[in-house]
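Undergrad: If you want the building blocks of each chain, they are given just below.
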Amino acid sequence: MSRILPRLERYHRPTRVDEAIALLRAGGRTTMLLGGGVSLGMLPRPNVREVVGMERLGVDQVRREDSVLCIGASVTLGRLDSELIMGSAAERLLRDTVRRTATTPLRNLMTVGGVIAGVGPWSDLPVSLLALGADLVLNGAAVLPIETFLAKGPRVLDGALITQVRVSWEGVTGGAFLKVGRNETDLALASASVVVFREGMHPRIRAAIGGLVPRPVRIPAMEDTLAGPPLDGGAMTRLIGSVVSPRMDPRADGDYRLALAGTCVVDCYEAARREACR
Amino acid sequence: MNVTTRLNGKPFSFDAAPGERLVDVLRDHGFMGTKFGCGTGECGACVVLLDGEPVNSCLVLAPRVEGRSILTIEGLGTPAAPHPLQEEFADAGAVQCGFCTPGMVLSAHALLLRNPSPNRQEVAAALDGNLCRCTGYVKIVDAVMAAAARRREEARP
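Chains A and B supply the protein sequences, listed in that same order.
To convert, note that position 224 of the first sequence is 224 in this note's numbering; the numbers rise steadily by one, no gaps.
To convert, note that position 53 of the second sequence is 53 in this note's numbering; the numbers rise steadily by one, no gaps.
FYI, nobody ran anything at the bench for these hints, they're computed from the structure.
For each residue, glycine too, the CB sits at the ideal point set by N, CA and C.
Do not rely on the hints blindly, as some may be mistaken.
[What the hints assert, rightly or not] With the C-beta cut set under 8 Å, the calculated list includes, among others, these residues of chain A facing chain B:
| no. | residue |
| --- | --- |
| 1 | Pro-6 |
| 2 | Gly-78 |
| 3 | Pro-105 |
[Said to hold, decoys possible] Stretch by stretch, here's where chain A covers chain B in the computed footprint (C-beta under 8 Å, at least three residues):
| no. | segment |
| --- | --- |
| 4 | 6-15 |
| 5 | 84-97 |
| 6 | 138-152 |
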C-alpha cells in the first residue's frame, strides 16, 4: 500500500467538471483533487480517502485564440514546454520559467493547474504568470485574475476548479525570469519575473517576485522604480524590504532572500529591456 | 480496481489498490529494473517512460496509467540483446553500483527519440532528474553522446 495516500479507498475519474465538483463537495475534507500528484511526495495526505483525478476532464489542450494563449489546467509542464513557440516574448518567458521548474521527470507530471492551486513561496510559474497578468478560468466559465488569486489565496476559489489559464501576449515585447536555488531546478530561495509591454510609444513594466512571502507578489512601487533611472540591486533590495517582510526557514534567512530578490529584479529588468529593444 | 495499460509494447492488466504507486505495481509483477529510491520524486531511480516521457513512478498512482503506455528498462533491451544505450553505458564505464542506471538509460532514451543529436548540455539537462552517487556524471554523458553518434551512424544509408 502506498505511503503517500495510505487510507485511499476510491479513485474517481470524472469526465465532466460539474461531476468533479459534485464529488469534491460530497467527499468533503477527506477528498482531494489530483492533478499531477507531485505534491504528494512532499506533503503526504494521511487522511485522504477519495481522490478525484483530473485526467479525463478534457482540460488538457494548449490553444491560441486571437492574442491569448489558453492552457488547460491538466497540461503538464513538460507538454507546455514542447508546445510554446519562440516567436512570442510571452511564450519565451513561460518556456524559460518552465525549464527552471523542477526536474524533467517531475515536469512531465506537474500540471499547470496543480502548480497554481498548490502555490507556495517556492513556486516559479505563478511568478511569471503574475508578471504577465494571466487570468484563471474557473469551472470552464468564470474568470479570475491570477493577481486576485495570489493576493487572497486558494480559499478565494471557494470550491471552484481552475480549468484553464489564459495569457495575453498583446503588447509584450520582452520578459525575463530568474531564480536562485542550490541548482538550476531547485526550489526557489528567491525569484523574479519582469515583463515589458509596449503601449503606444510608452513601455509599461510589470514585475513579480517569489520566495519572500507565502505567495508571489507584484509590487507596483518596484515597477515605477524600474521605469526610472537605472537602479542597483542594493537599492532595489531596500525598496522591496520596505514593502514586504520576507520569511525565513532553514534554507535561507529573510535578509538573504531580500538581497537575492533585489538582484534578481534588477537583472531581470535588464534582460527584459534588452529583449524589448531588439 | 482493475487497470488496463500497455507495458513494454504488450497489453497489461493488473489489480491495484487505489493508492498503490506504479513503482510498487511494477516491482510486484517482477519488473525489478524499476528501483525504489527516495519515494519523493527526487532521485529518479524509479523513472519509467509514460507515453514516451520520463516520469517518477513513485509519484504515479496506479489508476492514473489506465489506457496509457509504459516502458520499463526490461522493454528496452535484454542481457542477450542489449539496447545500444545499455551497451554504451557498459563500454563507457558509466555504471558502478547500477542502482540509478535503469532510470538514466530511460531518460536518455526519451531524449534521443526527441533529439537525435543532443549536445552535452542538453544531455545533462535531460538527466537532471536522475541522481548518481557513484560515478559523477562525465562518463554517463559520454555514454549518451556515444549512443547518439552510433544511432546517427546506423541511420545513414
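Undergrad: When the hints from earlier in the document are held up against this structure, which numbers fail?
TA: 4, 5 and 6
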